[in-house]
Every structure is written in structure tokens, then in C-alpha cells.
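Taking the numbering used here, I'd label the letters of the sequence shown as residues 3 to 314.
I should point out that these hints are in silico values taken from the structure, not numbers from a laboratory.
A portion of the hints provided could be inaccurate.
Derived DEER-like restraints, expressed as beta-carbon distance ranges [unchecked claim]: (1) Arg89 - Lys267: 32 to 40 Å; (2) Gln196 - Asp161: 39 to 47 Å; (3) Arg280 - Leu180: 30 to 38 Å; (4) Asp161 - Asp302: 30 to 38 Å; (5) Asn298 - Lys267: 13 to 21 Å; (6) Asp304 - Asp142: 31 to 39 Å; (7) Leu229 - Arg108: 22 to 30 Å.
Here a beta-carbon is modelled for each residue, glycine too, at the ideal position from N, C-alpha and C.
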Amino acid sequence: GGCGESRRLLALLPRKCSIFQLFFVALLLGFASLLWLQLSCSGDVARRGRGAAAPDPLKPCPPESRASWAEDPSWGPHRLALLIPFRERFEELLAFVPHVHRFLSRKRIRHHIFVLNQVDHYRFNRASLINVGFLESGNDTDYIAMHDVDLLPRNEELDYGFPEAGPFHVASPELHPLYHYKTYVGGILLLTKQHYKMCNGMSNRFWGWGREDDEFYRRIKGAGLQLFRPAGIKTGYKTFQHLHDPAWRKRDQKRIATQKQEQFKVDRDGGLNNVRYRIESRTALSVAGAPCTVLNILLDCDASKTPWCTLS
């Protein structure tokens, strides 16, 4: 039985082997295992060429210590709040958080990922979620990224740094796999918090999919800001990995009531100043070793102004 097998194994050990010695050997083996795990995880990127597409994801390293960010001046003084509008796309989130966390850490960009999870019963409102994320992101971040959860950066030369001169459109029309018109500012857009306030954030009138980015382009121009885009990126439409499967994940493109006409108008009154919401919960999570904060958000709708916030 089991006891007999144990006695046979013990008989193979040296006669003078003590319990303390066994414990010491086990401790050494444990340390060696941890060292192997650290060296074999996805933090080892030395073999990756500049400008090349990222290989298939490896298993993630443990998250970087926040203390190292503060102590290492090479990380720079700025800190990015990644604002991820979200609803029910958990398989995409599981891929996004560790990928982007590792990508930004390799570039030594201090960052905090906020998953803006809409949990009310209204139609999805990407712009309002970004407004909420901006207001809830705290004073320790000084610029934001409006970042789609289904768009993963693959080229290491993409710039996620502080956009001091003006809004920086990372997912520019010549790089985005789907959208190529000149005024497109969706996918991934960086702004300082000061510049976002100058635009009064995004309009809260866009329930359902689309058009909120086009309205925000007009806000950028109306605020007198210059829009910048990447230069010298040679990977074209392969610069990003697009996770969205339209056959599986249908977009809410319905236009009801007067929504079809209203979607082309500039909202001159609404934005950061009148977004209505409540935070149901705030939860710190680690996804494959990558830290993020999930905000469960209940948006509110004034049906007299935007009756298309529901499909009923």
C-alpha cells in the first residue's frame, strides 16, 4: 500500500539525511522552479525585432511592482489611464488586458487599465462610458487612451506616450484594419486630460453603435486642437490584431425615433458636464498577472431627450 511505498522511498535516502536537510533541498527546488518560470514567461522579449509583428502570446509574467515605476526615472513622469468601454466581451477582455499591459510595460509607460463595464439595461453608450472613466480615473493619471477592447497593438514602434502637442490617433486610418476615412478618430485615441476637458468630453447622445467618434472629431476641431497620427509605421493594416468576429458579435446598428437625423448633429451642450451615472462597484482584478480595475457602471437616460436609449 501507500505506507509500504513510502518506506521503500525513504530507504533510498542516505542514512544520515535529517528532516532539516530534506526541507532545505525542497526549498532549493522551489526557488529553481520560480527562477525558471520568470525566465520563460512573456517578459523575455529580447528576441523580438523592432517593427515586427508580435508573436503569439506566451504565458504572462507576474505584474511589475508599482514601486519600481516610482523609483525608475526611465519610466517618465506621466501616467496613462486606459479607458476600455465594455459590455459582455469577456473572451476579448481576457486577451486584451495582459497583452496591452505587457506592451506598455515594455515601453516603460506607467499606466492603469480601467474596464468600463456598462451594467444597466440601456443600449450600449461608448461615449458616456469614456466620460465616466475620465471622471473616475483619479488624479494620479494625466492622460487617457480611449481604447477599443478588440484592438491589440502589434507593432512595438507605436507611440503611447504623453500627447502634449495635441490628440494622438494611434489607430490612424492608414493602419486600422477596417476604417480608413480621413476624419476617423476611433479605435485608439490619446489625449491629455486638459485637452479632453477642452472638448467637454464626448456627447452622451449616442446610444447603440457608431457615430460618436465622428462627433468627437468635430469637438477636437472646435476646441482648436491639432490632431496627430503615427509616422513611419510600415506594417500597414497588420499593425493591429482585430479580435471582433461580426458573425458572432452583432453590432447594435438600429436607428429608432429621430436618431437617424440626430446622429449627424453636433451636440453643443452635453458631455462631461452632464453625464448621468452611478458606480455600482469598483473591483481590482488581475488577468493572467496583469492588473486592472473594473468599474460596474449604471448609466442614466433622459428619454425625453434621447428616446432611442432603449429599443422598446
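Status of the hints after comparison with the structure:
no.: 1; hint: Arg89 - Lys267: 32 to 40 Å; verdict: 25 Å, violated
no.: 2; hint: Gln196 - Asp161: 39 to 47 Å; verdict: 19 Å, violated
no.: 3; hint: Arg280 - Leu180: 30 to 38 Å; verdict: 33 Å, holds
no.: 4; hint: Asp161 - Asp302: 30 to 38 Å; verdict: 36 Å, holds
no.: 5; hint: Asn298 - Lys267: 13 to 21 Å; verdict: 31 Å, violated
no.: 6; hint: Asp304 - Asp142: 31 to 39 Å; verdict: 33 Å, holds
no.: 7; hint: Leu229 - Arg108: 22 to 30 Å; verdict: 26 Å, holds
The structure does not agree with the numbered hints 1, 2, 5 stated previously, though it agrees with the rest.
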